[in-house]
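Residue numbers (this note's numbering), protein chains in the order written: chain A, 39 to 152; chain B, 1398 to 1553.
Any given hint could be a false lead.
[To be verified] Heads up, simulated EDC-like pairs for lysine to aspartate or glutamate below, C-alpha to C-alpha not over 20 Å straight-line: (1) 80/A to 1527/B; (2) 1494/B to 100/A; (3) 1548/B to 100/A.
If you're looking for bench data, these hints aren't it; they were derived computationally from the structure.
Predicted model only: the values in this text are computed from it and were never measured.
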Amino acid sequence: MPATINKDYKKQRVLAANDKMSEVWGNPEEMTGVQTEILSKKKLLLLWSRGVYRYIKNNLSENTVTLEMGSGSSLLWEHVPGLIRSNILFVRKMILFFLHLTYPLRVLRWGTLL
Amino acid sequence: MINVLHHLQDPVTFFEEAERVLKPGGRVLISDPYMSLLSYPVWHYLHPENCDIKNIGFGKTDHINPLIDANSATATNMFCGKGFPISGTCDQLDLVKVKLHSKFLYWIAGGYNFPQFIPTFLNPLVKLVEEALSPLDKWLASFMYVIIEKKGAANV
Chain A
39 MPATINKDYK KQRVLAANDK MSEVWGNPEE MTGVQTEILS KKKLLLLWSR GVYRYIKNNL
99 SENTVTLEMG SGSSLLWEHV PGLIRSNILF VRKMILFFLH LTYPLRVLRW GTLL
Chain B
1398 MINVLHHLQD PVTFFEEAER VLKPGGRVLI SDPYMSLLSY PVWHYLHPEN CDIKNIGFGK
1458 TDHINPLIDA NSATATNMFC GKGFPISGTC DQLDLVKVKL HSKFLYWIAG GYNFPQFIPT
1518 FLNPLVKLVE EALSPLDKWL ASFMYVIIEK KGAANV
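Only chain A is shown next, with the shape it has when bound in the complex (with noise of 0.2 Å):
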């Protein structure tokens, strides 16, 4: 049985400790454009990262279709040529939108979800 979700946005809020995302907290599209102008800004979040994306790109299926679900900040796309990205949400910039369990997987087969 799924546990009770936390609700209290009021306290994440508050444990969000960075100015820019605690105003934005809650608004996932806002969320995510201040996400990726914290990504460009700190070094070690940035190698961090980079290390992340270099171990998904070495562990692709090869020559086939990869679509990313939920890309948000992620800066996969300069790593991997012909990467599809998406979100869970609506964001602007996106190619594909959806919501959470009404995943758009209807026509295409692919290589690689990440």
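Assemble chain B onto chain A, guided by the hints.
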């Protein structure tokens, strides 16, 4: 999916769909939070997202906010034990690999919510120490990679 699985309300439904649409040999790649002795208190008490070590996904609600509704322990609960493949579902999916990673580098970087805790010139040193401590990932890691593959010929 980089830090996405734990935001899915019902991950089992996702894997059922992935099983259906992947090519034989196709993969699902995941990087998500891992609950170790070191990281669990941080995820639970200092990170804004919900963390429930007893369940996968999170409870039903009519008002989902995809970026802040979450269960950070979902991947640990699913893949570090006998949770996957889920009995009776996803039998065409093989769990190929679980690899733990990232001990404290992400936290020292401050993640997305806090400022970086060390001066930038120490970044290479932190990375070196992080790599040197890899044998202790089981107790210290904060994240995990998961590779799942659909049965059949590879790269068809």
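Which constraints among the numbered hints does this structure fail? Numbers only, ascending. none
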